[in-house]
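Chain A is fixed; fit chain B onto it per the hints.
Protein chains in written order, with the working numbering: chain A, 1 to 285; chain B, 1 to 254.
Bear in mind the hints are in silico, worked out from the structure with no lab data behind them.
Treat the hints with caution; some may be incorrect.
Lysine to any residue pairs mimicking SDA-like chemistry, simulated, CA-CA at most 25 Å apart [unchecked claim]:
| hint | chain 1 | residue 1 | chain 2 | residue 2 |
| --- | --- | --- | --- | --- |
| 1 | B | K135 | A | I117 |
| 2 | A | K94 | B | G20 |
| 3 | A | K94 | B | E58 |
| 4 | A | K128 | A | I117 |
| 5 | B | K135 | B | D160 |
| 6 | A | K94 | A | L248 |
| 7 | A | K94 | B | L19 |
| 8 | A | K128 | A | R48 |
| 9 | B | K137 | A | W277 |
What follows is the residue order along each chain.
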Amino acid sequence: MLELWYRLVDFALPFEWAHYAFMKNALLAVLLSAPLFGLVGTVVVTNRMAFFSDVLGHSALTGIAAGLWLGTGDPLVGMIAFMIVLSVLITLFKTATRASYDTVLGVFFGAVTAAGIVLLSRGGGFAKFTPYLIGDILAVEPSRLYTLAALSSAAALYWFCLANKLVLISVSPVLAFSRRVPALWVQLSFGVLLAVVVGFSVRLVGILMINSLLILPAAAARNLARNVREFTTWSVAISLVCGVAGLLASYYWGAAAGATIVLFAACFYGVSAVYAWVEQRGGRR
Amino acid sequence: MTEACGHCCARIENLGVRLGGAQVLEGVRLHLNCRELLAVIGPNGAGKTTLMRALLGEVPYTGTLQFKIGGEMRSRPRMGYVPQTLNLETDSPISVLDMMVSATSRRSLWLGVSRKTRKTLEEGLAAVSAAHLLKKKIGSLSGGELQRVLLAMAMIPRPDVLLLDEPVSGVDVNGLSLFYSIVSRLKTENDISIIMATHDLAGIAPYADRMILLNRTIVAEGTPREVLSDRKLLETFGPSLWNVSKWETGCTHA
Numbered sequence: 001m002l003e004l005w006y007r008l009v010d011f012a013l014p015f016e017w018a019h020y021a022f023m024k025n026a027l028l029a030v031l032l033s034a035p036l037f038g039l040v041g042t043v044v045v046t047n048r049m050a051f052f053s054d055v056l057g058h059s060a061l062t063g064i065a066a067g068l069w070l071g072t073g074d075p076l077v078g079m080i081a082f083m084i085v086l087s088v089l090i091t092l093f094k095t096a097t098r099a100s101y102d103t104v105l106g107v108f109f110g111a112v113t114a115a116g117i118v119l120l121s122r123g124g125g126f127a128k129f130t131p132y133l134i135g136d137i138l139a140v141e142p143s144r145l146y147t148l149a150a151l152s153s154a155a156a157l158y159w160f161c162l163a164n165k166l167v168l169i170s171v172s173p174v175l176a177f178s179r180r181v182p183a184l185w186v187q188l189s190f191g192v193l194l195a196v197v198v199g200f201s202v203r204l205v206g207i208l209m210i211n212s213l214l215i216l217p218a219a220a221a222r223n224l225a226r227n228v229r230e231f232t233t234w235s236v237a238i239s240l241v242c243g244v245a246g247l248l249a250s251y252y253w254g255a256a257a258g259a260t261i262v263l264f265a266a267c268f269y270g271v272s273a274v275y276a277w278v279e280q281r282g283g284r285r
Numbered sequence: 001m002t003e004a005c006g007h008c009c010a011r012i013e014n015l016g017v018r019l020g021g022a023q024v025l026e027g028v029r030l031h032l033n034c035r036e037l038l039a040v041i042g043p044n045g046a047g048k049t050t051l052m053r054a055l056l057g058e059v060p061y062t063g064t065l066q067f068k069i070g071g072e073m074r075s076r077p078r079m080g081y082v083p084q085t086l087n088l089e090t091d092s093p094i095s096v097l098d099m100m101v102s103a104t105s106r107r108s109l110w111l112g113v114s115r116k117t118r119k120t121l122e123e124g125l126a127a128v129s130a131a132h133l134l135k136k137k138i139g140s141l142s143g144g145e146l147q148r149v150l151l152a153m154a155m156i157p158r159p160d161v162l163l164l165d166e167p168v169s170g171v172d173v174n175g176l177s178l179f180y181s182i183v184s185r186l187k188t189e190n191d192i193s194i195i196m197a198t199h200d201l202a203g204i205a206p207y208a209d210r211m212i213l214l215n216r217t218i219v220a221e222g223t224p225r226e227v228l229s230d231r232k233l234l235e236t237f238g239p240s241l242w243n244v245s246k247w248e249t250g251c252t253h254a
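Just chain A, same shape as in the assembly:
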């Protein structure tokens, strides 16, 4: 399968950068993960979960420590398991208490980030974990690409099946309840999906950047869209364009890919915000 992709790139993209196997892998990783970020990001943005997904991203450090402690061979397994548990805990906590959600998230954010730093820096070995902070999409292992493809398909299927319920819950959870939508289960399931997506992508784009990749394309799309279909379409498209452009720019600049992609997405957001502003002024006249 991968062999086919390499040949396709050699045939269709006769550029210098495309000669390298690591760039071919990275390009495929971007093409598979960008739509995933774009799609999941729309739900994160409409449900005001930006801080929630940031907590998940920052919990990666504790997740790695948990993985090392449990002795799961692949650090990814321990990390994703930890994020799933965290995501379920936060969602349940939110429904069970009347405390300010924002503050609760702030507490979780502090706790998981600090725990991760303490556990991993014990004995002065933190330096070997710094790649997790900024990520390295160029180092993606070919075997991970298959998992990424499966994950993206699963997320698309999830969105397809639950789009109506997710939209209704974002509008009003009580209204959703009156329509017999099991809001808590839907929220829990999305939390788990988000945990898997974030956990899997942290190694590629970095703890510091993962949240921006989820939020920015959807935030830009929101300025352009008039309905849910346009919203998801724009978000996926912006995410893809920024992903590819950012990867290539990072190659020529010799910079980290994740952050370069985020910069492109930020530019897109700026343009879309100006568009929305002009549109709004036009509408008022």
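Same frame as chain A, now just chain B:
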């Protein structure tokens, strides 16, 4: 008060709700007749919204709830619900069509809307004078427009009981009379029973068949005229009564 309850549609006995350690409602006894608009009034924090949520089954309650629909006893009838507010930002990219499809159709939004669903939704909107709003973003609607859209949505499919939770907060005076007349017409045309929680004491009076004054439990009950002239009304609301009723209808300059 209906004692025999021969044509009674909902019978609520000794309803109590505890939330976060506080008794929000207790000993609520309420009979709702068929084709009746029951207005629930009471000060802020009296438990109006909690009553709605208990009727929906969204919060745990004690006591009994029984419904008789078309001669049959049921524990859970088909409820239409219009919430007080939505969880919305004004730039939310969700159109009226999106929201209505998400609530009324099983087919994924992503596939677009079938012709049949679209027709149902258009007819529903037309019945509340909102046909022109189908493609607008919900964040851009005025308070009155949004409430009419939510009302249309609650009517698909036709419910046995319609619950309206302070639907007129943030609606201007013209919007108010339009909303009440639409609700009144839906009640007669569709043979449904309606419970409406409201702050607009004076506005709802001509449209309500019965009224209850709620303050943790039922304080007064009867026709709107009886309840509004009850001495307990002033005791419950206090001197702010005049302000509440005027302010909520939008007549701040009166």
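Structure-based check of all given hints:
About 50 Å separates the Cα atoms of K135 of chain B and I117 of chain A, which puts this hinted pair outside 25 Å; it is violated. Restraint check for K94 of chain A and G20 of chain B: the C-alpha separation of about 14 Å stays at or below 25 Å, so the hint holds. For the given pair, K94 of chain A sits about 16 Å from E58 of chain B by alpha-carbon distance, which is consistent with the 25 Å threshold. About 12 Å separates the Cα atoms of K128 of chain A and I117 of chain A, which keeps this hinted pair within 25 Å; it holds.
For the hint pairing K135 of chain B with D160 of chain B, the CA-to-CA distance comes to about 28 Å; that exceeds 25 Å, so the pair is violated. With a C-alpha separation of about 41 Å, the suggested pairing of K94 of chain A with L248 of chain A is violated against the 25 Å cut-off. Under the criterion of a C-alpha separation no larger than 25 Å, the hint pairing K94 of chain A with L19 of chain B is consistent with the structure, at around 15 Å. Between the alpha carbons of K128 of chain A and R48 of chain A the distance comes to roughly 34 Å, so the proposed pair goes past 25 Å and is violated.
Note on K137 of chain B and W277 of chain A: the hinted pairing holds, with a Cα-Cα distance of about 16 Å set against a maximum of 25 Å.
When each numbered hint is compared with the structure, violations occur for hints 1, 5, 6 and 8.
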